[in-house]
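Undergrad: Each chain is listed here by its residues.
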Amino acid sequence: MSTLDLPTLDGPERRVYWAVRDCWTLVRRELVHLIRQPSIIAWQLGFPIVSVLLFVYVFGSAMDVGGGADYVSYAMPGMFAMTMAFGFMNTAMAVAVEKERGVIDRFRSMPMAPSAVVTGRGISDVLHAALDLAVLAAIALVIGWRSDGGLLASLAAFALLLWLRFALIWIGVLIGLLVPNTEAAGNLFALAFPFGMVSSVFTPPSLMPDWLGAIAMWNPVSATAGAIRDLFGNPMPTGGSWIEANALPMAVIWPLLITAVFLPLAVRKYQRLSD
Amino acid sequence: MAETALAIRAEGLRKTFGKHHKTALDGLDLAVPRGTVCGLLGPNGAGKTTAVRILTTLIRADGGRAEVAGVDVRRAPRAVRRRIGLTGQHPAVDEILTARQNLRMFGRLFHLDARRADARAEQLLAEFSLTEAADRPAKTYSGGMRRRLDLAASMVLAPQVLFLDEPTTGLDPRGRGEVWDAVRRLTAAGTTVLLTTHYLDEADQLSDRIVVMNNGRKVTEDTPAALKRAFGGDRLEVVVATAADLPAAAEAVARVSADGTAPEPDAERLRVTAPVTDGVLALTDVARSLQDRGVTVTDIGLRRPTLDEVYLRLTDTTAHEEPTPA
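First to last, the sequence lines map onto chains G and X. One point on numbering: in the numbering used here, the residue at position 147 of the first sequence is 147, and numbering is uninterrupted. One point on numbering: in the numbering used here, the residue at position 181 of the second sequence is 181, and numbering is uninterrupted.
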């Protein structure tokens with residue numbers, strides 16, 4: 001057995017350096033996963049794609065969102081937002097799998113930067129989400145969705161979608177660390193489904209019963225869906241409430257609030273895991 | 001770093017978990033000399049894994065102190081992490097990556113530069129006989145291969161102390177043999193190992209000393225051979241051809257029995273056993289007397305106690321009594 005010089009990691013600059021490099025090492029690992037198993041994307045996009053087909057072609061003919069709006073143009077931005085919203089389940093599942101397999105324990109017993117496991121997961125998942133969005137947008141274009149908002153506004157819309165996904169990563173990490181096993185993480189769909197559906201994703205909240213509509217309007221997913229409909233120039237029939245009128249700033253503020261609350265909770269839980 | 005003779009030193013480690021303050025460790029002391037293998041043995045809930053998790057900086061003890069490779073685990077966890085390797089209860093490798101990719105990734109995460117991480121990966125692949133399978137995803141490996149990869153990953157920095165928490169759980173006999181061989185090579189190279197296991201033969205095979213734990217404390221500590229001697233002693237075993245011969249066999253064995261009591265014959269297996277002090281004398285005595293009485297003996301022999309018997313006796317009685325040193 002050869003002996004190795006022990007690398008040093010003292011001093012604040014070194015810490016930042018290792019935090020970034022360790023994070024990048026873990027991101028690279030996720031990229032290798034994607035290259036080796038591109039089917040992961042197909043599986044994770046299965047639900048939104050089936051939803052698109054169901055809502056647009058099966059229910060779509062019966063859908064009247066008001067204002068004579070075309071349902072494909074209304075539903076597609078909602079679908080983008082919903083895919084981002086449901087993404088936290090992928091994060092939670094990935095974290096739960098790593099925890100169950102002991103990978104997280106191994107990382108924590110190593111001299112690597114403790115933040116890298118959380119930040120590496122975050123960056124990987126945002127990259128993953130960007131890929132998901134690209135595939136979904138391509139499908140949307142094929143079935144007739146168009147952005148009328150111009151290039152910059154469209155890019156801003158996609159940035160807002162990733163911003164929502166980014167914020168939900170921390171909820172995903174926290175849940176992944178909290179659930180006892182991967183089976184429990186798999187059951188999260190029951191939680192995620194109303195979170196995604198009770199929103200403006202498929203139907204305008206103004207057409208729902210008042211109390212449900214109010215919940216749907218204040219749902220962070222609705223804020224993002226409303227903001228990107230605006231940016232894409234897609235129809236967005238509203239009930240004229242304050243929250244709907246301010247979808248754009250809320251699509252920035254909601255994820256910020258979620259991150260502010262859940263990022264520290266996730267990091268804290270990671271540091272005190274099983275203590 | 002001052003060289004101390006002990007690779008692991010723990011004094012009075014305490015840990016309770018949860019709302020009900022379930023006691024996992026209740027004042028555990030450990031002293032493992034450098035270059036030796038210490039087997040932690042005990043039933044589920046004895047506190048073995050908790051001890052490993054404290055020593056590998058994964059959790060903090062509520063009380064007591066511990067040093068690993070001369071470094072305090074509470075005050076300098078990062079320094080400890082650079083000197084240890086941990087192989088937990090599940091192979092903690094990436095299943096989608098190949099063995100080579102796994103080891104390169106761990107090399108980088110152990111803060112080797114890219115070139116050295118790659119070189120170290122090749123070394124470890126060769127050392128753990130994984131070179132041939134190096135470019136296949138780990139999920140295609142057998143249990144034993146995955147475990148070997150797992151071990152290799154914890155050996156990236158050639159750690160001074162290696163923690164093996166039930167390293168062969170779920171493996172078939174062949175896989176266990178492969179892992180045992182790998183561990184033997186590491187210990188021959190001078191790595192200190194703390195091993196927890198349910199398998200008594202594993203502790204017997206690999207350990208220099210065995211610490212038996214129960215209820216979060218050390219019950220006893222000794223070499224495997226001494227433990228077997230102290231808690232078992234030889235047993236004489238006689239198997240006869242027919243059930244009618246059992247009383248005669250029992251009578252013959254009773255005369256040489258160490259505790260002087262008549263042994264209870266095992267009618268199903270046609271067997272009589274009893275503890276004896278002078279094994280060879282007792283054996284020839286019983287054989288001769290049974291031959292004289294015309295009893296057909298199908299098997300007669302001395303049996304060393306297995307560690308299982310020692311273990312069961314220790315962990316059974318100490319539930320009620322204070323521990324007695326061996």
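Just so you know, the hints here were simulated from the structure itself, not pulled from any lab data. One thing to keep in mind: the hints can contain errors.
What the hints assert, rightly or not - Using C-beta positions, here's what the derived DEER-type ranges look like:
1. G/W211 <-> X/R74: 21 to 31 Å
2. G/W24 <-> X/K22: 18 to 28 Å
3. G/P264 <-> X/N44: 46 to 56 Å
4. G/G46 <-> X/A188: 18 to 28 Å
5. G/W24 <-> X/D72: 25 to 35 Å
6. X/R74 <-> G/I123: 26 to 36 Å
7. X/R60 <-> G/G46: 41 to 51 Å
8. G/N187 <-> X/R60: 44 to 54 Å
Said to hold, decoys possible - From the structure, some residues in chain X lie toward chain G, with a derived Cβ separation under 10 Å:
9. I84
10. P91
11. A92
12. F106
13. G170
14. L171
15. R174
16. T242
17. L246
18. D299
The structure presented is a predicted model; accordingly, all values stated were derived computationally and were not measured. Virtual Cβ for every residue (Gly too), placed ideally from N, Cα, C.
Undergrad: Now look at each hint and say whether the structure bears it out.
TA: To see whether the hints hold, each was checked on the structure:
1. G/W211 <-> X/R74: 21 to 31 Å: Because 53 Å falls outside the window, the suggested range is violated.
2. G/W24 <-> X/K22: 18 to 28 Å: 41 Å, violated
3. G/P264 <-> X/N44: 46 to 56 Å: Violated - the Cβ-Cβ distance for G/P264 and X/N44, about 35 Å, lies outside 46 to 56 Å.
4. G/G46 <-> X/A188: 18 to 28 Å: Given about 52 Å between the Cβ atoms, the range is violated.
5. G/W24 <-> X/D72: 25 to 35 Å: 31 Å, holds
6. X/R74 <-> G/I123: 26 to 36 Å: 32 Å Cβ-Cβ, so the 26 to 36 Å window holds.
7. X/R60 <-> G/G46: 41 to 51 Å: Distance hint for X/R60, G/G46 holds at roughly 43 Å.
8. G/N187 <-> X/R60: 44 to 54 Å: 32 Å, violated
9. I84: Hint on X/I84: holds, closest Cβ of chain G at ~7 Å, below 10 Å.
10. P91: 8 Å, holds
11. A92: 4 Å, holds
12. F106: 8 Å, holds
13. G170: With a minimum Cβ separation of about 13 Å from chain G (threshold 10 Å), the hint on X/G170 is violated.
14. L171: 15 Å, violated
15. R174: With a closest approach of 23 Å, the X/R174 hint is violated.
16. T242: Violated. Min distance 55 Å.
17. L246: 52 Å, violated
18. D299: 46 Å, violated
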